[in-house]
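**Student:** As a plain string of letters, each chain reads:
Number of protein chains: 2
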Amino acid sequence: MRFELQAECPQTGARAGLIHTAHGIIETPVFMPVGTQATVKGLSPRDLADDLDAKIILANTYHLFLRPGHESIQRLGGLHQFMNWPRAILTDSGGFQVFSLSDLRKITSQGVLFRSHLDGDAHLFTPESTVDVQLALGSDIMMVLDECLAYPASHEAANQAMRRTLEWAQAGYQHYRCRLEQTGSTAALFPIVQGSMFPDLRKACATELLELDAPGYAIGGLSVGEPRTLSLEMTEVTTPLLPKNRPRYVMGVGMPEELPEYVARGVDMMDCVLPSRNARNGCLFTSTGRVIIKQARYRDDSAPLDANCACYTCRTFSRAYLRHLFQASEILFSTLATLHNLKYYLDMMRQIRQSILLGRFPAYLDGLRRAALE
Amino acid sequence: MRFELQAECPQTGARAGLIHTAHGIIETPVFMPVGTQATVKGLSPRDLADDLDAKIILANTYHLFLRPGHESIQRLGGLHQFMNWPRAILTDSGGFQVFSLSDLRKITSQGVLFRSHLDGDAHLFTPESTVDVQLALGSDIMMVLDECLAYPASHEAANQAMRRTLEWAQAGYQHYRCRLEQTGSTAALFPIVQGSMFPDLRKACATELLELDAPGYAIGGLSVGEPRTLSLEMTEVTTPLLPKNRPRYVMGVGMPEELPEYVARGVDMMDCVLPSRNARNGCLFTSTGRVIIKQARYRDDSAPLDANCACYTCRTFSRAYLRHLFQASEILFSTLATLHNLKYYLDMMRQIRQSILLGRFPAYLDGLRRAALE
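Here the protein sequences come in this chain order: A and B. Here the working numbering = 1-based position in the first sequence + 1247. Here the working numbering = 1-based position in the second sequence + 1247.
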């Protein structure tokens, strides 16, 4: 994996670049659709490629480890072949899901012991084992195991979790380097900056992680219940410490209006379940604001969902039809709504990238901020 | 609507033909995918057109009358525009659903009073009103209101229901002819032969319905719990009485192996929720037999679902991946499974049609019957 920085905004920290992977080139800044269980809920790989032109998607190690199992996926040729997705895949380490989904977590210096949310079976994730699981999946960009705290956390607890995250990153990296030599894999491994909402801890963590000379760095532990200004602030104190020539990935953000704010703070990669989950719940993002499709006002609305959107959903169906599908709990609603919301996110990122390349990002950002205030 | 008979099998009653409608030409024999609530569950119109090349689909008057309402659909340009399906649509009269889904049915000579299964509201369907509802939907082929009995029924009850069906057909037809003149609609209206499992009643009903000189005839009241030999027998006593130059539609059948049997008895059109409902439940039809995808034997099965099938699902994914999607309750499973099962049905009908046109239907049928016995 190689990152090519193409342009930097002189006024903000915004960057445009290319991530070269064994499964294609990713234009950054990029939003990565979430395909938790080896499928972006409601979409087929051809929807993702042909309609959305997504270059990279995310899959969750925790879920795939539990079902169908990484060894099963490896026997079937790896995750790309399993889900028939020829483009890039990023997998998380499973740490976040262990902390948010599983029961009976027990953290030791070795790793984290947990019970599956599916059948209650006990499992252990270590910094080494999650690398092995991700190598078995065959992902292009892997994440180190980290300890992610809920918000709020005390400085002491945050420091302890950050220190553990650092130790795990070192252990994970050592194992990763051995395994790369053994396997000839080209997978990248990103360490994760933690430190809760404490700038000193974030800075200390970032600084120490630099020693790993990683091909990219993630900022984790955000979107865990804190006010949004804090998430942005933590990003802002971290990115200046990270190497310019490596991509930066803020995990689990965000709302559409937040995407350009993260980019303005030097972030290259983002992911979030929000566009797809909201879609299934009938909350749709459009160029003229949010549409809650179940509202009676859309019952006879023959207009497209978003007249400025070129997605299949907006080209083909009325708001009235979408509302009918939602009210009738039809499967097609999830597909059409997810297609649109992800298109909205990906189009926004393409516009942001374009504006950076053309040197117009500050004006673009200004326009968005003003529109948000109206 | 015009039916063009292209070929008849000299040994069996099988026919190949073309139904010319305002929304395209339908090659018969044809299987019509069921799009109950103005969507074939899990599929988009482009899946139906591009992947399946379906020429006609069915929609349920009962469901659309209740939600979103036929007047709403009419205001939005009719059902074709509402669901963005430019090809032909057949709607049932709503009678069958009233008898199978709604509460508190009360039948009078006027029509049938029922309570919505959605909100308990009382509604009345009359032979005239269901024609009006279907005209508002803008379907290409409409059905008359009929009384459909459960199995078994006494000869007396069956006779009474058949007589009521005849009266309703006459009333519906009279109303339809007036409305055609008023509206300039080109919709066809098919009467329905009833008579439960009594050949004398089936014959009497068919003979009397001939007087309507309808553009097509349906055989209803089958697949209501009777043994399959009886359904075929009732078809066999009815089709010889129907005019040769009009299409014959057996409602609500059947299993894949039954399709050629109905064709052999002179049937041109069929519909059934079975391929799509079974798909969603993980029961898949293949050229080598049924696949119950949840079975552990498919866990590591890298083969396509059906090596002889050219559908997107079989071209793209392994049985192991499909099993994973099913086990994980992923939406994509419903889409991929429905696509395959409907492709299986439509391909079978295309093969049947081809064999009739080439004069090889008896050999084709013989091969299928032998394979079924193995």
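Calculated from the structure, these hints are not laboratory results. From a predicted model like this one, the values you see are computed outputs, not experimental measurements. Hints may contain errors.
Each pair may be met inside one copy or between any two copies, as identical chains are not told apart.
[Stated by the list, open to error] Here are the computed lysine to any residue pairs in the SDA-like style, where the Cα-Cα straight-line distance is at most 20 Å: (1) Lys1353 <-> His1370; (2) Lys1541 <-> Gly1316; (3) Lys1541 <-> Leu1323; (4) Lys1541 <-> Glu1318; (5) Lys1491 <-> Leu1521.
**Student:** Does each hint hold? Answer for all of them.
**Tutor:** Now for the hints, and whether the structure bears them out:
Proximity of Lys1353 to His1370 under the C-alpha cut-off of 20 Å is restricted to the intra-copy arrangement: shortest distance 11 Å within a copy versus 60 Å between copies. Within a single copy, Lys1541 and Gly1316 get their C-alpha atoms only as close as 38 Å, which misses the 20 Å cut-off; across copies the closest is 16 Å, which meets it. For a Cα distance limit of 20 Å, the shortest separation of Lys1541 from Leu1323 across copies, 17 Å, qualifies, whereas the shortest one inside one copy, 41 Å, does not. In this homomeric assembly, Lys1541 and Glu1318 come within 20 Å of each other (Cα to Cα) only across copies, at 19 Å, whereas the closest approach inside a single copy is 43 Å.
Taking the shortest Cα distances, Lys1491 and Leu1521 never come within 20 Å of each other, neither inside one copy (28 Å) nor across copies (58 Å).
Against the hints set out earlier in the document, a violation occurs for number 5 only.
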